[in-house]
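Student: Chains as they are written, first to last, in my numbering: chain A, 106 to 718; chain B, 532 to 937.
I should point out that these hints are in silico values taken from the structure, not numbers from a laboratory.
Since the model is a prediction, treat every value here as computed from it, not as a measurement.
Virtual Cβ for every residue (Gly too), placed ideally from N, Cα, C.
Treat the hints with care, since some could be wrong.
Derived list of chain A stretches under chain B, where covered just means 3 residues or more per stretch with a C-beta under 8 angstroms from a C-beta of chain B [stated by the list, open to error]:
hint: 1; segment: 174 to 188
hint: 2; segment: 439 to 450
hint: 3; segment: 472 to 482
hint: 4; segment: 547 to 561
hint: 5; segment: 580 to 586
hint: 6; segment: 630 to 640
The residues making up each chain are set out below.
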Amino acid sequence: MSFYLVQFLSGLAAAATLFLVSSGLTIVFGVTRIVNFAHGSFYMLGAYLGWSLIERWGTTPLGFWGGVALASLAVGALGALMEVGLLRRLYRSPELFQLLATFGVVLVIQDAASYAWGSEDLLGRRAPGLKGSVDILDQPFPLYDLVLIALGPVVLGLLWLLFNRTRWGTLVRAATQDREMAAALGVDPAKLFTGVLFLGSALAGLGGALQVPREAVNLHMDMSIVVEAFVVVVVGGMGSLTGAFVASLLIGQLQAFGILVFPQITLVLVFLFMAVVLVIRPYGLLGRKEEAPPTAASPGPPLVLATGLVRWVPALLLLLLALVPLVAGDYALIVLTEVVILALMAASLHLLIGLGGLVSFGHAAYFGLGAYGSALLVKHLAAPMPLALAAAPVLAGVGALIAGWFCVRRSGLYFAMLTLAFAQIAWSVAFQWYGFTGGDNGILGVWPPDWAAGKAAYYLLTLALAGGTLFLLRRAAFAPFGYTLRAGRDSALRAEAVGIDVRRHQWYAFALAGSAAGLAGGLYAFSKGSVFPTLMAVPMSVDALVMVLMGGIQTLSGPVVGAALFHLLETEVMSLTEWWRLVLGLVIIVLVLAFPKGVAGFVRDLWMRRKEA
Amino acid sequence: MNRRQTLSLLGTAALIAATQTAFTLPAFAQSQPIRIGEVNSYTGLPAFTIPYRQGWQLAVEEVNAAGGLLGGRTLEVVSRDDAGKPDDAVRVAQELLSNEKVELLAGTYFSHVGLAVADFAARNKVPFVAAEPLTDAITWTKGNRYTFRLRPSTYMQASMLVDEAAKLPAKRWATVAPNYEYGQSAVAWFKQLLKEKRPDVEFVAEQWPAQGKLEAGPTVQALAAAKPDAIFNVTFGADLAKFVREGEGRGLFRNRTVVSLLTGEPEYLEPMKDESPEGWIVTGYPYEQIETPEHKAFRDAYQKRFNDFPRQGSVVGYATFKAIAAAIEKAGSTDPEKVVDALSGLQLTSPFGPITFRASDHQATMGAYVGKTTVKNGRGTMTEWRYADGANYLPSDEAVKKMRPE
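Let the hints inform the model, and build the full structure from the sequences given.
Tutor: Laid out in C-alpha cells, this is it:
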C-alpha cells in the first residue's frame, strides 16, 4: 500500500513541473492565440539561468529561492521582449505566421544556450535545507518533491487570484473571450499582450529553474518539454488553467503507474492519452466551445487563376529544372532532388492549411508512412521500385483516411494536436516494432535499380512524378473540390447551409494530402537508400510547416518556394558553419519581419500592386 | 528604397548565393593532400562530439607533423555536422564524396546515423570508419565490406560487465535502460550472458524510460518495489544524473550493487561532480590514472594542445584517425579497395594499447576500462579498474561469419 502512495506522490511531483510550464502556455495561447514554440526554450533558459544563479548564491535558502525567482523574472522579461520586438509586428499577418517567428526564436536560443553555457550537462546544487528525504510509511521520499507538490496548487491559486481579483486579470479574461470587443472598449491590446507574454514566459522559466535540484540542465530540455506542454494544454482545454492543472495531474499519474504495468509504453503514453481524450471530448477536459479558437489560415484574398504569360511560369520552371542535369554535378542534383520531394511534401500540407484551413502538426506521419511503405515492400517482398513507389501513396492514403476520419471532427489547435497524436503513435510503432520495421535502426538497402540509379536519372524521375502530382494538386485547388474546401474554410456555417458536407470534403482533402505526402516519402526513401523513424518524428512535421509558412499560405506557389528556400538555406548553412541553427533562426526571423505574408505572398502582392498602378 | 525593399533584395541575394554554391561544379581534384570526409553530430550531441573532434584534430596534426602519408602527402579533413539525422548524414556524405572528393568517410555517433552512412558507403564503394556508434548490427547483421568500427560494441561492453556481475552474490536483478535499440540490446545481451554464467539469477523488474525523458521518481520507486539485489543500468547523460539523484534520495542504492554501462566515461561522470555514485561497477575511462607510455604520450599531447583533459570521445577520435592514416600507409595508395583490404586485419597502437581491426567482422579490438566508481576530491572517478581487452570479448570468427550477410 505504502508503495502505491509514494508512487502517487512521485506522480504529483512530476505533474507540478508540467503544470507550471503548461499554465504559461495556456495563458499565452488563450489571450494572444500565438502557438508559442519558444515556450520550451524559455523553460530551458530558466533552468540555465537558475543554474548560474544557484551556483553563485544557492548556499542559503534565501539565495536559492531568490535565484529561482530572479531566473523566472529574467525569462519573463525575455518573453516580453520577444513580444515587443517580434510578435507585435506580426499581429496583422495570418495567425500562424507567429508560429514561424517563434520557431526562429527556438533555433536562436538553442545555439545561444550552447554558446553561453557550453555543451556539457550541468548538475546544479540541491535546495539548501531540502536535501534529504522523509519516510512516508517507511518509504523514503525526497523533501524537495514535497515542496514541488505543494507549489502546484499554490501557483494555481495565485493565478486564479490574479485573473479574478485584479483589474489586469479581468482585462486579460475579457481579451481572451473577445479580443476585438476588448480593444473597442479602449483596452490597449499591445500592452496586455506584453504583460501576458511576460507572465507566461516567467512561468516557464520558473518551471525550468525549479528543475535545477532535480536533474542536470542540458540542451535538450526545450524539445522534451514543449510537446508535452502542448499536450497538457490541449487535454485540459485551451485557455483553461484548471483544465491544465487537472491534465497535468492525470498525465503525471498515468506515467507513474503506466510504467508499472507496461514499462515499454513510455514513448507514446501521453499521446495515446491525448488521442483518447480528444476523440471523446472535442474541447479537452474543461475547454468550452466558444473558447476554441480557429487556429487556421485567416481567409485571405481568393486564389486567382494566373492569366496571360504568367500562366506559363510553372511549365517553364519545370522545363528549366529538367535541363539542370546538363550542367550540374552529382551533389547539386541530390540537393535538387530533395528540394523537389520536399516541395511536394509542403504542397500537400498546404492543401490542408491553405485551402482547408486545417493546420496539421503531424504531416510527417504520411511522409513517413510512404517511405516505410516503399521500404517494407523492398525489404520483405523484394518488390521492384515502381511497385514500391506505387505502394507509398496507397499506404499513406489509407493511414490518412483512418486518422483523418477522427481528426476532421475537431477544429483549430485540437485538430492540429490530434494529427500530432496520430503521428506520434505511427512513429512509436515504427520505432519499436523491431521485427517488422527494424525499429530505430531503420531499414537499409532501399536503393533504386540500375536504370534509375544515376543521380540525373533519379532526379528526372522525381521531377516527373512530383511535378505531375503538384500539377494535380493545383488542378484540385481550382476544381469544384478546391472551391468547396475553401468555402468550408472561410465559412463552415454558410457552406453547410448551401448543402456542402464540409467535414466529408475535409476528410477527402486529408486523405489526398496524405497520399501526396506519401509519394514524396517513397521518393525520399529511394533517394536516401534507407528509412528511419525520424522521418515521422516531430521535427519533420515542424520542418514541413515552416516551409509552408515561409513561402506563404495564401498562394499555391508558396509552399514550393518555401521548401526550396528552407532546404537550400539549411543545407548550405549547415555545411558552412556549426552555428547553423543560429543563422537559420535569424534568417527566419528576418524573413518573417520582412515578408509578413510569406515570400511568395510578398511577390504576388508586389505583382498585383504593379498591375494596379 | 525603403527598408522592406532592401530586406527583400538582401533575401534574394542570399537565395542566389545559396543556389550558386549548391551548383558549383566540383572543383578540380587536388592531387596533393589526402582528403578525408568526416560526419558527426556536433550540434546533436556536443558533449561527446567536441572532445571527439579535438581528438582527431590532434591525430591529424601529428600525422602531418611527421611528414604526412605516402611520401609527403598531407592529411586533410573536411568535417560536417549531421544534425543527428540519418537522412542529413547521407546527403552530407554525398556532398563530401562528389564535391569535396574525399577518399574515405569517418565519424558518426548515433547508431542509426552510422548504419545509414555504412549502407551509403557500401553502395558507393568507399571505405567508412565508424568511430562511435555502438550497435552490434553495424559490424554483424548489417555489416558490409566497406565499413569498420572502432569503439567496443554494445555486446562487448555488456560482456565485460557480465564478468564482474557474475562474481556478485546477487540473484535478483533489475534493469533500467533507454527505450531504443542500444538500451534493448544491452539488456538482452546482459541477461543472456549472465544467465549462461549464473543460471541461478533471475530478472525481477525492468524499466524502459524514453531517452532523455526519464521520469526519475516513479522509475526509481518501481525498481525499488521489486526488491532486487542488484541493478543493471544503461541510461546515460542527463537521464543518468536524474536517476542517480533520485535514487540516492530514495535509498534505491542502499545495500545494492549497481552495474552500469559507460558510466565511468568522463563525459558522463564529470558533470555529476561530488554526487557521482559510489561503488558502481562500470565501463569507462579513468584518464588521469592510466600511466602506460602510449596513453601518457597521448594525454600529454592532448593537454598541451587543448589545455583540457581528454574524454572517451577524444580517444575515439584520435584512434580513428590514427587508424585511417595507418591504413592508407599500409595500402600504399588511396584506392578504396586497397584501403579496405589494408583496414582488414590492420594493427596499430592506440592510447589504450595495441588494437586490431578484425578481418572477419571489421570490429576493432579496442577495449574499455572496467572498475568501480568513487568520489575523490569532489569529482567522480574510477578505482580498482583493469583494462578489458576487446579481443577477449568478441565472438569467434566463425560465429560472426554466420551473422554477417556477405
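Student: So, for every hint listed, does it hold in this structure?
Tutor: We went through each hint and held it up to the structure:
| no. | hint | in the structure |
| --- | --- | --- |
| 1 | 174 to 188 | violated (count 0) |
| 2 | 439 to 450 | holds (count 4) |
| 3 | 472 to 482 | violated (count 0) |
| 4 | 547 to 561 | holds (count 4) |
| 5 | 580 to 586 | violated (count 0) |
| 6 | 630 to 640 | holds (count 6) |
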